[in-house]
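Colleague: Model the full assembly from the supplied sequences, consistent with the hints where possible.
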Amino acid sequence: MKPEVKMAVQAKGLVREYRRGAERIRALKGVDIAIAAGEFVGLTGHSGAGKTTFLNLAGLMDRPTEGKLTVLGHDVGKRGAGFDALRRKNIGFVFQEFYLMPTLTALENVLMPTMWGKARDMTEIGSAISDRVPSRKRARELLELVGLGKRMTHRPSELSGGEMQRVAVARALVNNPRLLLADEPTGNLDTVTRDGIFNLLLALNRDSGLTVIVATHDLSLESRFSRVIRLEDGNVV
Amino acid sequence: MQWFILGFKNLIRRPTRTILTVLGVAIAIAVLYSLFEFQQGYQSRLKGELGALGAHVMVVPKGCPYEAATIALHGGKWPRYMDENLLDKVKADPGVAEAAGVIMDAVFPPGGKSVIMLGIDTDYMKLRPAWKLRGSWFASDSSIILGSSVAEDSKLQPGDLWTLPEKNVTLRVSAVLGRTNTQDDGFVFMPRKTLQEISGLEGKLVLILIKAKKVDQTDALVASLKASEVDMNVFPLSELLGTISALMASTKVFVSAIILIAIILGGVGVLNTVLMAVFERTREIGMMKAMGGSRGDMFKLVWAETILTTVLGGLVGVGLAVVSSRLVEAAIRGMIPYAPKGSLIGFSLPTMLFCIGLSLLLGLLAGFYPAFRAASIKPIEAIKTE
Numbered sequence: 001m002k003p004e005v006k007m008a009v010q011a012k013g014l015v016r017e018y019r020r021g022a023e024r025i026r027a028l029k030g031v032d033i034a035i036a037a038g039e040f041v042g043l044t045g046h047s048g049a050g051k052t053t054f055l056n057l058a059g060l061m062d063r064p065t066e067g068k069l070t071v072l073g074h075d076v077g078k079r080g081a082g083f084d085a086l087r088r089k090n091i092g093f094v095f096q097e098f099y100l101m102p103t104l105t106a107l108e109n110v111l112m113p114t115m116w117g118k119a120r121d122m123t124e125i126g127s128a129i130s131d132r133v134p135s136r137k138r139a140r141e142l143l144e145l146v147g148l149g150k151r152m153t154h155r156p157s158e159l160s161g162g163e164m165q166r167v168a169v170a171r172a173l174v175n176n177p178r179l180l181l182a183d184e185p186t187g188n189l190d191t192v193t194r195d196g197i198f199n200l201l202l203a204l205n206r207d208s209g210l211t212v213i214v215a216t217h218d219l220s221l222e223s224r225f226s227r228v229i230r231l232e233d234g235n236v237v
Numbered sequence: 001m002q003w004f005i006l007g008f009k010n011l012i013r014r015p016t017r018t019i020l021t022v023l024g025v026a027i028a029i030a031v032l033y034s035l036f037e038f039q040q041g042y043q044s045r046l047k048g049e050l051g052a053l054g055a056h057v058m059v060v061p062k063g064c065p066y067e068a069a070t071i072a073l074h075g076g077k078w079p080r081y082m083d084e085n086l087l088d089k090v091k092a093d094p095g096v097a098e099a100a101g102v103i104m105d106a107v108f109p110p111g112g113k114s115v116i117m118l119g120i121d122t123d124y125m126k127l128r129p130a131w132k133l134r135g136s137w138f139a140s141d142s143s144i145i146l147g148s149s150v151a152e153d154s155k156l157q158p159g160d161l162w163t164l165p166e167k168n169v170t171l172r173v174s175a176v177l178g179r180t181n182t183q184d185d186g187f188v189f190m191p192r193k194t195l196q197e198i199s200g201l202e203g204k205l206v207l208i209l210i211k212a213k214k215v216d217q218t219d220a221l222v223a224s225l226k227a228s229e230v231d232m233n234v235f236p237l238s239e240l241l242g243t244i245s246a247l248m249a250s251t252k253v254f255v256s257a258i259i260l261i262a263i264i265l266g267g268v269g270v271l272n273t274v275l276m277a278v279f280e281r282t283r284e285i286g287m288m289k290a291m292g293g294s295r296g297d298m299f300k301l302v303w304a305e306t307i308l309t310t311v312l313g314g315l316v317g318v319g320l321a322v323v324s325s326r327l328v329e330a331a332i333r334g335m336i337p338y339a340p341k342g343s344l345i346g347f348s349l350p351t352m353l354f355c356i357g358l359s360l361l362l363g364l365l366a367g368f369y370p371a372f373r374a375a376s377i378k379p380i381e382a383i384k385t386e
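Line order of the protein sequences matches chains P and W. For the record, in the first sequence the residue sitting at position 146 is 146 according to the working numbering, with numbers rising by one throughout. For the record, in the second sequence the residue sitting at position 130 is 130 according to the working numbering, with numbers rising by one throughout.
I should point out that these hints are in silico values taken from the structure, not numbers from a laboratory.
Pairwise CB distance ranges (calculated):
id, chain 1, residue 1, chain 2, residue 2, range
1, W, S348, P, H74, 55 to 65 Å
2, W, L353, P, D190, 50 to 60 Å
3, P, N199, W, L265, 52 to 62 Å
Take a look, some chain W residues computed to stay more than 12 Å from chain P by CB distance:
id, residue
4, Q39
5, S44
6, G48
7, S136
8, F138
9, S148
10, Q157
11, L164
12, T194
13, S256
14, L315
15, L327
16, F354
17, I356
18, L358
19, L365
Backbone N, C-alpha and C fix where the C-beta goes; we use that ideal spot for every residue, glycine too.
Modeller: So this is what it looks like as structure tokens:
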């Protein structure tokens, strides 16, 4: 049972600075952001505004240079052992470029996050096609949910862009995360497919209370978020 | 298990590269397997051939004793002889149980198969208690006994006439020797006196085979015979086995060193291939880490892939070695001065397991660095899109 938290992500004076040779680049310049559990938040701004940097920090893939960041009740500043497990169990990612494994079927791709860590139930890639194992059953249900019930055994090369992104969404959900981070999830899709994916994320938030943060520079989607956080040059505006 | 399944799926993404890498390991392992099997087969066959002589000590004329031994084992023509009277001296030694004097000659008809002849007497039979004759012992001085292979090739039966090529001498087959699976199968046996006359070597011998009364006193017998006569070479067959084996062992060390280098090169090839694959899949690995995969998970994944490659190479290598054993054997035979007859490279489980184990070790070593690199990939850098 995952403990309830009121705030999914809370950042105070968050700074992330990179070095590029001798140059120092401040991708985030001390932002304050609070996202409550169950929100459907849009993170907008132009390319280079700091959206991905924030998502990486919120997704525990990076550490802040300065400031305080709490994700699902965990202080990211105190990062140590166990963050892989925290990310695996609580955070789902959807990327603009899908990153599906080309040699695996849609079902196997969805199952991929269940094979990491000590808690894996050894069901996953290559095991018998059986619903006796919970993660496999869930993976099939998720593929049904995203409308790919009949495409489970297809490899990415046999799927369209929209279908691949649906697989990526199902993959992000397979471990029952509490926070879903999507970085330009519709950036590579046509308008119709984009709406389909967006509606899927919206439905997940609405039906299961999943906290969803979507980084996008597509201004036409802004009105559909419950809240929009606009970043510009590393600051919230 | 899923590491290996995922690893296998990654390997088949680039089949040509994988096949070439596997082949690199396979060839090195195949050569190693062949060498080990040849070494073992050689020793065991040599022991068998020496055992088939039914003697403990061999006496040959002065000259290279090992060349003489090779002639004694496989037959042939050696232009060195000793006096037949030496046989009586040898028989007189109290340590000798049986002694058989042998004269040997060979003819090499142009375009035909060589004929190796052994002139023997009943003493020789005492060293061959297992011989089974179809027919009878020499009925007269113009009788012969054919080795089973010679009889099969010439399609002759007891009672048939046999003509010695080049010499126009006709002799009658008195018996055909049952198959012994030794060098005897390829010989034509005749009374010693007959062969001496045919070859113009009256009163001469090529070798004397001696069975000691007490095997554990063979060394004393050799010393005694050496002291009694200076005009002959006396040596125990165990010494011959030891010397030839030592010669082979020294060759093995040299060849093993070359094979080891080939295996190391194969390992470097595997390392390079897997490392290249890790670099190509940086984003993919980053994504897997973003999905919760730990450093250890990535390490195991790449390690499993490398181990799969090398173990597959090991299996293919052993298979290649077994399939091409005749070819390899023929090539090795052409390079060494003396090789026993019969198949020398076979299928042995311990050698196979050793080779597979070595390929596993190769995978563990070659995969370590690429696995470490994969584990060190930072997801944020790998999947950077902004």
